[in-house]
Amino acid sequence: DAGVIQSPRHEVTEMGQEVTLRCKPISGHDYLFWYRQTMMRGLELLIYFNNNVPIDDSGMPEDRFSAKMPNASFSTLKIQPSEPRDSAVYFCATGGEATDTQYFGPGTRLTVL
Amino acid sequence: KQEVTQIPAALSVPEGENLVLNCSFTDSAIYNLQWFRQDPGKGLTSLLLIQSSQREQTSGRLNASLDKSSGRSTLYIAASQPGDSATYLCAVYTSGTYKYIFGTGTRLKVLA
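Protein chains in written order, with our numbering: chain A, 1 to 113; chain B, 1001 to 1112.
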């Protein structure tokens, strides 16, 4: 398996633009997690899915953020409109169970100017 | 609310030295604890997972211990090598929260 795949790896955009981050999980993993990492706040869980269903979105900072998982092979995290304070590295991770080892993707480094 | 602390934030050691990284958590009602490694510009890689019923786990030169009652875990690295240089994070899964809470990490540099 190629592991968790994220795209794009780097994204530079201007304030107010829509940003869509993509994740392809490891086949067979029922749990998918979206995290955000910044120097100030460390690694924070934004939302996670179980069998494509959103379970806990309490970490999503604002209504500007939304996430979907239309099928077991694909998930998106969308920010609309983007703001400079959204600049961070966004990670997607997957696992067989919520408590299991988590497998992280390489991340998407987002810069909002 | 679970809080996870890792001290020190950064550590430099000469090659060959044995070292200990620390992780403290405030709520002892944990389900398990993981140690991760993160290389610059990369994602996290899980190193060891300790379940709440276990006291320690070993993988190669790495040994992780867990003391739930005192809210502490340590990651012991034997005979450190320059390739061990990375940031090490611990993450705690607290019963009832259904998610991992991560520490801010210890940035390790092993000097050749």
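Read the hints as simulated data drawn from the structure, not as lab findings. Hints are supplied without guarantee of correctness; some may be wrong.
[What the hints assert, rightly or not] Once the Cα atoms are required to be at most 16 Å apart in a straight line, the calculated EDC-like pairs of lysine to aspartate or glutamate come out as:
#1 B/Lys1099 with A/Glu44
#2 B/Lys1099 with A/Glu11
#3 A/Lys78 with A/Glu11
#4 B/Lys1001 with A/Glu44
[Claimed, not checked] Residues of chain B placed beyond 10 Å of chain A at every Cβ, according to the derived structure:
#5 Ile1007
#6 Asn1022
#7 Lys1042
#8 Gly1043
#9 Glu1056
#10 Arg1061
#11 Asp1067
#12 Pro1082
#13 Gly1103
#14 Gly1105
[Claimed, not checked] Pairwise CB distance ranges, derived in the manner of DEER restraints:
#15 B/Ser1052 with A/Pro84: 10 to 20 Å
#16 B/Asn1022 with A/Arg85: 44 to 54 Å
#17 B/Gly1016 with A/Asn51: 14 to 24 Å
#18 A/Ser66 with B/Asn1018: 42 to 52 Å
#19 A/Thr111 with B/Ser1052: 23 to 33 Å
#20 A/Arg41 with B/Asn1022: 43 to 53 Å
#21 A/Gly16 with B/Gly1016: 51 to 61 Å
Cβ coordinates follow ideal geometry from the N, Cα and C atoms, glycine included.
Status of the hints after comparison with the structure:
| no. | hint | result |
| --- | --- | --- |
| 1 | B/Lys1099 with A/Glu44 | holds, 10 Å |
| 2 | B/Lys1099 with A/Glu11 | violated, 28 Å |
| 3 | A/Lys78 with A/Glu11 | holds, 13 Å |
| 4 | B/Lys1001 with A/Glu44 | holds, 14 Å |
| 5 | Ile1007 | holds, 14 Å |
| 6 | Asn1022 | holds, 16 Å |
| 7 | Lys1042 | violated, 6 Å |
| 8 | Gly1043 | violated, 4 Å |
| 9 | Glu1056 | holds, 17 Å |
| 10 | Arg1061 | holds, 19 Å |
| 11 | Asp1067 | holds, 20 Å |
| 12 | Pro1082 | holds, 22 Å |
| 13 | Gly1103 | violated, 7 Å |
| 14 | Gly1105 | violated, 7 Å |
| 15 | B/Ser1052 with A/Pro84: 10 to 20 Å | violated, 41 Å |
| 16 | B/Asn1022 with A/Arg85: 44 to 54 Å | violated, 31 Å |
| 17 | B/Gly1016 with A/Asn51: 14 to 24 Å | violated, 48 Å |
| 18 | A/Ser66 with B/Asn1018: 42 to 52 Å | holds, 47 Å |
| 19 | A/Thr111 with B/Ser1052: 23 to 33 Å | violated, 40 Å |
| 20 | A/Arg41 with B/Asn1022: 43 to 53 Å | violated, 21 Å |
| 21 | A/Gly16 with B/Gly1016: 51 to 61 Å | holds, 53 Å |
The structure fails to meet hints 2, 7, 8, 13, 14, 15, 16, 17, 19, 20 from the earlier list, while all remaining hints are met.
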